[in-house]
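K.L.:
Make a model of the complete structure from these sequences and hints.
Protein chains: 4
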Amino acid sequence: MARPLNYGEAVLLWEDGKGRTFLITLEEGGEFHSHRGVIRHDDIAGRPEGTPILSGTGHRFIAFRPRVPERMMKVRRRTQIVYPKDAGWLILALDLFPGARVIEMGTGSGAFTIVLAQLVGREGRVYTFDRRQDFLENALANLERYGLRERVEAQLLEAGQPFPEDDVDAIFLDLPDPWLAVPAAYAALAPGRPIALIVPTAEQLKTTFAALQEVGFSALEAVELLERKVLVRAREGVRPFERMVGFTGYLVSARKALPN
Amino acid sequence: MARPLNYGEAVLLWEDGKGRTFLITLEEGGEFHSHRGVIRHDDIAGRPEGTPILSGTGHRFIAFRPRVPERMMKVRRRTQIVYPKDAGWLILALDLFPGARVIEMGTGSGAFTIVLAQLVGREGRVYTFDRRQDFLENALANLERYGLRERVEAQLLEAGQPFPEDDVDAIFLDLPDPWLAVPAAYAALAPGRPIALIVPTAEQLKTTFAALQEVGFSALEAVELLERKVLVRAREGVRPFERMVGFTGYLVSARKALPN
Amino acid sequence: MARPLNYGEAVLLWEDGKGRTFLITLEEGGEFHSHRGVIRHDDIAGRPEGTPILSGTGHRFIAFRPRVPERMMKVRRRTQIVYPKDAGWLILALDLFPGARVIEMGTGSGAFTIVLAQLVGREGRVYTFDRRQDFLENALANLERYGLRERVEAQLLEAGQPFPEDDVDAIFLDLPDPWLAVPAAYAALAPGRPIALIVPTAEQLKTTFAALQEVGFSALEAVELLERKVLVRAREGVRPFERMVGFTGYLVSARKALPN
Amino acid sequence: MARPLNYGEAVLLWEDGKGRTFLITLEEGGEFHSHRGVIRHDDIAGRPEGTPILSGTGHRFIAFRPRVPERMMKVRRRTQIVYPKDAGWLILALDLFPGARVIEMGTGSGAFTIVLAQLVGREGRVYTFDRRQDFLENALANLERYGLRERVEAQLLEAGQPFPEDDVDAIFLDLPDPWLAVPAAYAALAPGRPIALIVPTAEQLKTTFAALQEVGFSALEAVELLERKVLVRAREGVRPFERMVGFTGYLVSARKALPN
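Protein chains in written order, with this note's numbering: chain V, 1 to 260; chain U, 1 to 260; chain X, 1 to 260; chain P, 1 to 260.
Some clues are possibly wrong.
Identical copies go unnamed one by one, so any copy, or any two together, can satisfy a pair.
What the hints assert, rightly or not - The list that follows gives simulated cross-link-like pairs (lysine-lysine, DSS-like), each with its CA atoms no further than 27 Å apart:
1) K85 x K229
2) K74 x K18
3) K85 x K74
4) K18 x K229
No wet-lab data here; the hints were simulated from the structure.
P.N.:
Here it is as structure tokens:
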């Protein structure tokens, strides 16, 4: 049975034809003033997602629940975020599963925390750490919005300090100096399980590899992903978009090997 | 507590230094004859993953449980498979979560079925369909290997026939003629929920877009992903690999909009 | 002997540190009002290229003659231009050499005409055609600026009309419907010599290939080029730029085969 | 008038349909034993390029003069070569023109020397240097084959030694340690004129940038180019090839600025 969109819920408005999207929170009597006329929240509440809504000027919008990539892209940003294209790769590298216990160091704006919390499910646990209290609070507010708050434990921590959890199933690091946290990550991870990282430059990539090998990680891999959006129009034909994101970071994965 | 590697389980041997991997199933008294000497299964069984093993000639291998990307790449292939780089994107586009009920049409070798089954968890369900019984059987054997068999219902179906499930949370199509299955997918999907597809050529991409729009899908997007592996060596420095996979398919996502 | 920069000449001002560039034409008493203060043309005239110039506010600019990529990018644009990254590929595909006689159909803004004229030299000849007189005039003005005007013959022509030259060494087509000009191109080209084209969509690429094969072209190839600018900074390290041009067109080359 | 293909000349055989190419030198009574039957050189000599030739087994080949990209790819290789995709970019960055005097350091197999020699023409001059006599000799033999020998002066030189020419129009470096040759390059180059380099790793790119800035080069830029070959078939449709070259090097360009 399709749950109706309720007051208090986040709703993504997709502008028909244009592909522009807007994220709103449904409020009784609320109005969204788009460049294409006003949309009344009361026209949306109580109806299933996928419902088309006409603005005051007759433009068509579709009301959806935001999927995880849109939740990520629409977080209140306090930092660079992990992009969906990279998040997909990381989830597979981290071998996520429902019920997993996962550490994230470098909460940032919490975009990737949303993905982790969604995929570990109610029985899983995300332990997220940052050195800044305001980042943690912002991230928890973003998680709250999507009902994911209770799966996440957030805590202040400096890179290099030991993690207060151990035997975890996966660890993700998104830090300016990820190598500082690598020994603590090795200690906290269950044998054989994966670590993944995102690093911004070639030099950091090299330093990170050295740090991983030093403490006993094996199976090191590094990639970068290029996402090309493709324009498909009946009249104009098929071709990639003229502009694209050129780089977001190097993605690294490795696994905890035990000493001989 | 780290579960030891058991007889009957799939184990990935990572050749230290080289990065070559081998997938074996642990058997009592079994031997793996690598190009670097013999590895005895009995040296692995009962030990935690991450354990280093020396071959008869003294080469070091690490014994891991395969993660989901390795499970995908090492399926017994009867068809082209969905690659991990694309699988990550698709999982996010499909907005997967533990407990989700998902349709896959075009089981193929079952590589992507493994990802779906892992991420929907024990309470979720994957309904996978193919027109070929031998493909279904091969895919189920691949799933069995990883203890994911009971989350999946496999059934013969021709593209265009109605799906025997409805109100599902997500649908994935991997077919030579995906447009044939688009009306049935619209019927089976819960309002607002996502469909994702992979198509091999620009023409098919265009035909697919037209079919999606025709039956009422909205929020259409198409991308392609380029994954560049990066070589990181202390002496040689950092640079992308000289060879790469140039293309695996166009990825499409859309969402079910309701009629006005 | 280094020729000094003269009045009447085009000069590229490179803003030190920033990498921004400005194209000016030196005039007696002229002034360039940059966002970093005024630069007096008389401070540049008579000095060799490579000379550093200080603006009124003390910012450093270097005065260069524009190279061919900068000449291309700084043409007065009336149309999409051929980008330098693609121009390099096309020059090799066209097998250009000093003294060559070359046809270009679709003069556009004349960016690629500049490259052709520079590389065929004084003894070569570029025959450029467009259906719009204003485009031809704009292109000739761009060529005039660089002393390349006399190597180029410009003429009005509709796609599909025969070219008034024959036995030419190479032909380049940049047209919305390039297939219309393919038979005339075959007729005008010397046996075995190359044609190259740029086309914007997958469908046009396919139609173009069919047209080329139909009239007797062989050795067909199509590529696209992605240029990634790389940021190299002592402190920040090495990484690709965050934004890039995602697509400019499909590049095609083929050669005139004779009938059996 | 189309010059016929002569004995002693290099001829490229293009296998119709397949796109495979073979480079032969026409000899009286010579035979080329392809996997598709024998081709007699005497069937080619005296005929124009573009002529179709049937092999003994009835397969169709087209006889062409190799263009510059094919000349490059088919050199007798003693080293990594500069690839055509990169050569196109470099030619524009070097602002080549007929009559130019150009230095190349790191002759290698002479693939890029062929492009330089073709484009500077009879009145230009390529000064090419390498530390290995056998490389120089191999490169000169490659040039001889295409009638370009007399435009090139080859000489033994160690990176770091001064160049015996000055006031040259452009300099290209292809060396393992390009920074060693940077001061000598600055000295030999005319004011304002460009240098270009190819370097294999991120670290070398950084060291090269530092060396260029140190001696007074300005307008530094670094890029890498990805070339994707596109498959265009009437039945299969349009899509990129499944395999591609992932990386060949970072391309750098800069210009000689004068001291304040």
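K.L.:
If the cutoff is 27 Å on CA atoms, where do K85 and K229 land: within, between, both or neither? Let me know, please.
P.N.:
both (11 Å within a copy, 15 Å between copies)
K.L.:
Indicate which option fits the pair K74, K18 if close means a Cα-Cα distance not exceeding 27 Å: within, between, both or neither.
P.N.:
within (18 Å within a copy, 32 Å between copies)
K.L.:
27 Å Cα cut-off: does K18 pair with K229 within a copy, between copies, both or neither?
P.N.:
For K18 and K229, only the intra-copy Cα distance (15 Å) is at most 27 Å; the inter-copy one is 30 Å.
K.L.:
Indicate which option fits the pair K85, K74 if close means a Cα-Cα distance not exceeding 27 Å: within, between, both or neither.
P.N.:
Classified as both: same-chain Cα gap 15 Å, cross-chain 23 Å, threshold 27 Å.
Every hint, counting from the list given before, is met by this structure.
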